[in-house]
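Protein chains in written order, with this note's numbering: chain A, 1239 to 1590; chain B, 1239 to 1590.
Keep in mind the hints are simulated off the structure, nothing from the lab. Be careful, since some hints might not be right.
No copy labels: a pair is met if it fits in one copy or bridges any two.
Calculated lysine-lysine pairs in the DSSO-like style (CA-CA distance at most 27 angstroms, straight line) [unchecked claim]: (1) 1497 with 1403; (2) 1403 with 1495; (3) 1462 with 1472; (4) 1295 with 1549; (5) 1472 with 1283; (6) 1303 with 1373; (7) 1476 with 1519.
Number of protein chains: 2
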Amino acid sequence: MYNTKTTLGLDIGGAHLKAVLLKKDKETILSNATILRTPLWQGLKSLEDHLLDIKKKWYINGGTKVVCTMTGEMADFFDNRQEGVNRISQVIFSVFGSKIYFYSTSGLTRSLHSSLRKKIIASANWHATASIISKLIPSCLIIDVGSTTTDIIPIRDHRVLTPEKSSDHQRLQTGELVYVGINRTPICSIANTLIFRASTVNVTREFFASTSDIFRLTGDLKEKFDFYPACDGKIKSKTGSQKRLARMIGLDLSDAKEKEWIGLARNLKGIILEELIINLKKVLNHYRISNNCLLILSGSGIFLGSELAKKLQCPSQNISETFNHVLSIKPELKEFSEICAPSVSIALLSIL
Amino acid sequence: MYNTKTTLGLDIGGAHLKAVLLKKDKETILSNATILRTPLWQGLKSLEDHLLDIKKKWYINGGTKVVCTMTGEMADFFDNRQEGVNRISQVIFSVFGSKIYFYSTSGLTRSLHSSLRKKIIASANWHATASIISKLIPSCLIIDVGSTTTDIIPIRDHRVLTPEKSSDHQRLQTGELVYVGINRTPICSIANTLIFRASTVNVTREFFASTSDIFRLTGDLKEKFDFYPACDGKIKSKTGSQKRLARMIGLDLSDAKEKEWIGLARNLKGIILEELIINLKKVLNHYRISNNCLLILSGSGIFLGSELAKKLQCPSQNISETFNHVLSIKPELKEFSEICAPSVSIALLSIL
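Please build the complete structure, drawing on both the sequences and the hints.
Right, dumping it as structure tokens:
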């Protein structure tokens, strides 16, 4: 039993750290997975603390392979993304030693010396997921809806169609990266005007409410994935969310009924779905992919992916089903494997 | 000379306190004016400290009439706007005693007992300005572009056309209140996509940059009216602003030339102007006002008002010129009288 090989996969985002542990014996199993709050715009301490905690709780030692991908270098705590990659790597080295594999769009690497490599290490987590899925499924579109962003990744003939060196900026151009997620997106960035009581109303451009409030009211957001404090620092209940949404159109909670606030949340959800559809179609057109392609769904906003698939009448499957081709996942970790898809993917890539 | 009557006019916003001192002897003169940072979403301490400071520096005593208007009750530090009005009034009472006049859309009042009155005291500062201007100019549109919001106020035949009891919500419906200003508005709330290098690019929906960054780069924002820290807490230089704007489209400062960042800032300014024009036209249509009416311009974003007037080929004048009909303003206080228009207005209303 000491022949078991273990791999720790880390996906270091700006807002969340996602970590998984794979064990490979006769078969490969997902033996642990977690998602933790790491607001990197406040500094690196929360990341370091959580990594030390994982190291201890999951018994990570010299025999464990550590593989890492990141998007957290975008945080404005860093002067630029290069500095972000450097500072984040330093934290990982300090916790796990220097034998770390980083995922870059041209594969796993241990060398951080060349600035080219650093560049391709930044924001490559989407590519890790794409890379493993392209080995398992010939043609599909991965729709990963996270807390902050949505990735739309085209795969055809077992190839990731996005050019390897695509940056975030380029993917923001093609529609493959949409900066909307189910937790952290400010409501004032969704739309300039909203419909309320059949009237158009200008939105108050303050950080009064976030997408967490929408999906708390629509019942889509599970408590275990509801990590961040509310915008006003107050209670994360449905009433709290109604109060915050009310402010977005210059009203107080008592100015309307609960069903009206839920209606407003549903309107907002509809606007987000429309934007995702626009971007998805842009990607389909750009790569000349058929309209009824298979969608592979992942991320904490997987429910939005399902609704997209229904609206577009596309076949779909959750990414945990796809991982199942090569990975045994305990039922209680199924959801985590979908949310931590990039960390599962880099760990799998380093094993397969 | 001890017959001089002094009036202190206070406009308590969510982000700024604006205070003016009028002295009435043979003529009425604006003898002092200031604008101070009061982030009410962090609590009431900054407001209280600044008021105590003004009381001391401007020698405010029992002989000074204190008149007050507010919009700060909207801050999410308060549970609802009623609580906001109560808490803000308590601070004013504690600093200046109980003989305070509040501006409501039905005139100055000293009674805060009736909840109806409290309701009409909330967010009435626009009405104070409208009320005094309607006495001085028969027909016009006041365009007050502030740090956070823009008010568009219609006046015809010496009457304020907006119904007296209009709430913020109603004015957000008619286009009379637009939640965009020249300092605090998050860039991610301006537009979902931007044009950069002739390509459409999705915007990163994070609070990486604000309208301060736009107007610092276009050269419109004067340093003395540039109050708030930058979004990343870093330097408020042009380079700092370029760096922050770069992040809004997933780039670093070094990814483009200075003139490209300035171009991006100009694009954003154009989008803001377009939104203001849409709302202005909505107001004109709603009240059936002619397209070439006189615009009275005020607020720290008065430069945007001037550009609007030019684009729409409307005659315009700065509000300090209008105030000059009844008020003598020292040259060094001219700009402050334009930015603190509601506090000048309530002070004038209590004197005239």
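Checked hints:
1. 1497 with 1403: between (47 angstroms within a copy, 26 angstroms between copies)
2. 1403 with 1495: between (50 angstroms within a copy, 22 angstroms between copies)
3. 1462 with 1472: Within one copy, since 18 angstroms is at most 27 angstroms while 34 angstroms is not.
4. 1295 with 1549: neither (43 angstroms within a copy, 64 angstroms between copies)
5. 1472 with 1283: both (24 angstroms within a copy, 20 angstroms between copies)
6. 1303 with 1373: The answer is within: 22 angstroms in one copy meets 27 angstroms, while 78 angstroms across copies does not.
7. 1476 with 1519: neither (34 angstroms within a copy, 38 angstroms between copies)
Going down the numbered hints, you'll see the structure goes against 4 and 7, while the others check out.
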